[in-house]
Amino acid sequence: MAGTREPVIVARDVNVHYADKQALFKIALDIPEKEVTSLIGPSGCGKSTFLRCINRMNDLVDSARFEGQITIAGQNIYAPDVDVVALRREVGMVFQKPNPFPKSVYDNVAYGPKIHGLAQSKADLDGLVQWSLEKAGLWDEVRDRLNEPALGLSGGQQQRLCIARTIAVKPKVVLMDEPCSALDPVATARIEDLIDELRQNFSIVIVTHSMQQASRVSQLTAFFHLGKLVEAGRTKNIFTSPQDERTQNYITGRIG
Amino acid sequence: MTSLIGQTPDMRRRRAAETRFQWYGRGAIFASLAFLAFMLWSIISGGLGAFFTTDLMLEVDLGVQNIDPENPAAANYRAIWRDAMKEHFPEVTTRKELRALYGMLGADAEYELEAHVMADPAIAGRKVKLPFRASDEVDMLLKGNIDRASPEDGRPMTDQEIAWVDHFAAAGDIERRFAWSFFTNGDSREPELAGILAALAGSFLTMLVCFCVSFPVAILAAIYLEEFAPKNRLSDLIEVNINNLAAVPSIVFGLLGLYMFLNTFGLPRSSPLAGGLVLSLMTLPTIIIAARASLRAVPPSIREAALGLGATPVQATFHHVAPLALPGILTGTIVGMAQALGETAPLLMIGMVAFIVDVPDSILEPATALPVQIFLWADAPQRAFVEKTSAAIIVLLIFLIIMNLAAILLRRRFEKRF
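Sequence lines, in order, name chains A and R.
If you use numbering that gives the first Met the number 0, the first sequence corresponds to residues 0 to 255, in order.
If you use numbering that gives the first Met the number 0, the second sequence corresponds to residues 0 to 417, in order.
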């Protein structure tokens, strides 16, 4: 499906039910490596549900039931022998609302490497924290306040901290669930720049409500509608010459 | 007048209803404060006296004929103070009168005298004036709790005894002092000697057992139910039952404890071990409910953040969720423990109502607890125990206030905003 690079995530026949209600219908999507894929669509179309299937966060919802197959780097993540903890180490997630731990800036970033044993020494850990914060474009702002509470940062800084925390464990894939919806336009612009830089190292899947954002940051766009994947392709193609009428209507603002 | 912001009759009625409601609310608060103030006033005014006791100053002859300075422990101290009393009131001669006269001093006068001599052996060999604890009747008379105007056979002291007290008073030989003995003695049949140390120690040991059992069990139960247990019929059933347990009358837990801990497991009767276990049955649901509520109050985004990073559920719980819930959990625990501290009925069922004089020094020895001591004293016939009862209530209230303050401070201190 329209990827120039090798797909890192391959979804086939993905059906998700919440109790009796079916939320996703036979989704098939390839997500390329080290590019940004955006999932767009009106509220309730299933794009967040699909995102949360990729790191099995939906397992936490008691009523959710998954059918189908998603492979990451060739490995079926719903196979019975897969450890979700190991999976989530490879597939990080940034949430809609910034949710730093109520601890210091340093401890927020250091938490992931600590539990996964990624740093051999204190110096290693310091280096990793600095690398993550630099990658997240936050280092210059917080280098002097690493031991201050993370909740004292602004909303945009908190979200960048959450991104730093996610990339500190060096996952293959970073999932972002409307990462800018709680932020002002200036903070949003910073995060968008950041996403663009991060794709050098990570494969990124982002759910967004803003079509401008999708067109600005992503190379691939997938349009969901009523639980079905309507169309997916290179972002510029989707926005300039959509094949499906529903896509056309959505991006021109006629449905939504 | 029908201007835009003028008062219409309807508006006036709505405002009046609002004013009325606010006054009902103020009235309710005033009434409850008034009850509280009345209760505190009656307890404090009734119990404050027990923190002070009366001493009679009596000149005793510690001459060598009475005490061997080399071996003061061998002296007959009872004879010494009794002779001193006889000398003080030479007109008293009959056996009956003498017994009444000796009754003016506390039941432990000879031990007091011995303690004076042991503390300061230099006084042996001289005539010295020493303070002796007055009997509870003398104390009551001086505190105004015995009505001199009532007929002689209707009050606990005869005219003659009152005259003796007045004799001491006229000579300036009466002293009031702080009643340390109230805090350093165990219970006693003699009101002037009775203190709360044994009950305090019993309460402390009982609380210790109760805390050590209920805290870990309740925390584990709460964390498992809230964070790990699948939400299904069984967990609903457990939740309903825990809520019901919190409302079971404490006497029922007492009966359960009597049957289970004493009869089935054969734990020692009246022991803080059995008492603490019974109270922990009662405290468990309280702590579980409070702990679950505070775990539930931790925003799900914290769990998601941790799980999203690849923390295991146990790591997410113990690294992030439980620390945030801790102030609430501790508050619930302290409130539960405060309830247990004031609990009487279940302790009666397992025999902690026994008359315990000795301070227990292990959780296996017979003991009593503060509220049970209050219950026992409230039942005692002597007038002086009325005062002791109120004083013990004051001590209990002080402990409860301290615990509740600690709960509030903990919450203030560690509360984190998300």
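Certain hints may be false.
To be verified - Quick partial rundown of chain A residues pointing at chain R, CB under 10 angstroms, derived from the structure: (1) Gln74; (2) Leu86; (3) Gly91; (4) Ile250.
As the list claims (entries may be wrong) - Pair by pair, the computed Cβ-Cβ distance ranges are: (5) Asn242/R <-> Asn146/A: 38 to 48 angstroms; (6) Ile407/R <-> Asn146/A: 44 to 54 angstroms; (7) Ala15/R <-> Lys227/A: 42 to 52 angstroms; (8) Ile237/R <-> Ala85/A: 30 to 40 angstroms.
Calculated from the structure, these hints are not laboratory results.
Predicted, not measured: the structure shown is a model, and the values here were computed from it.
Using N, Cα and C, we set each Cβ at its ideal position, and we do this for glycine too.
Task: Supplied distance hint 42 to 52 angstroms, evaluated on CB atoms of Ala15/R and Lys227/A - done: 59 angstroms, violated
TODO: Answer holds if the nearest beta-carbon of chain R is closer than 10 angstroms to that of Leu86/A; otherwise answer violated.
DONE: Since the shortest Cβ distance to chain R is 8 angstroms, the answer is holds.
Task: Distance restraint evaluation - Asn242/R, Asn146/A, Cβ atoms, bounds 38 to 48 angstroms - done: Holds: the Cβ-Cβ distance is about 43 angstroms, inside 38 to 48 angstroms.
- [ ] Please test the hint of 30 to 40 angstroms on the beta carbon pair from Ile237/R and Ala85/A.
- [x] 32 angstroms Cβ-Cβ, so the 30 to 40 angstroms window holds.
Task: Proposed interface contact between Gly91/A and chain R, which counts if any beta carbon pair is under 10 angstroms - done: With Cβ-Cβ at 7 angstroms, under 10 angstroms, it holds.
- [ ] Let me know if the C-beta of Ile250/A comes in closer than 10 angstroms to any C-beta of chain R, holds or violated.
- [x] Status violated, d = 30 angstroms.
Open item on the list: If I claimed the Cβ atoms of Ile407/R and Asn146/A lie 44 to 54 angstroms apart, would that claim hold in this structure?
Closed with: With Cβ atoms ~29 angstroms apart, the hint is violated.
- [ ] With a cut-off of 10 angstroms on the beta carbons, see whether Gln74/A makes it to chain R.
- [x] Status violated, d = 16 angstroms.
Violated hints for the displayed structure, listed by number in ascending order: 1, 4, 6, 7.
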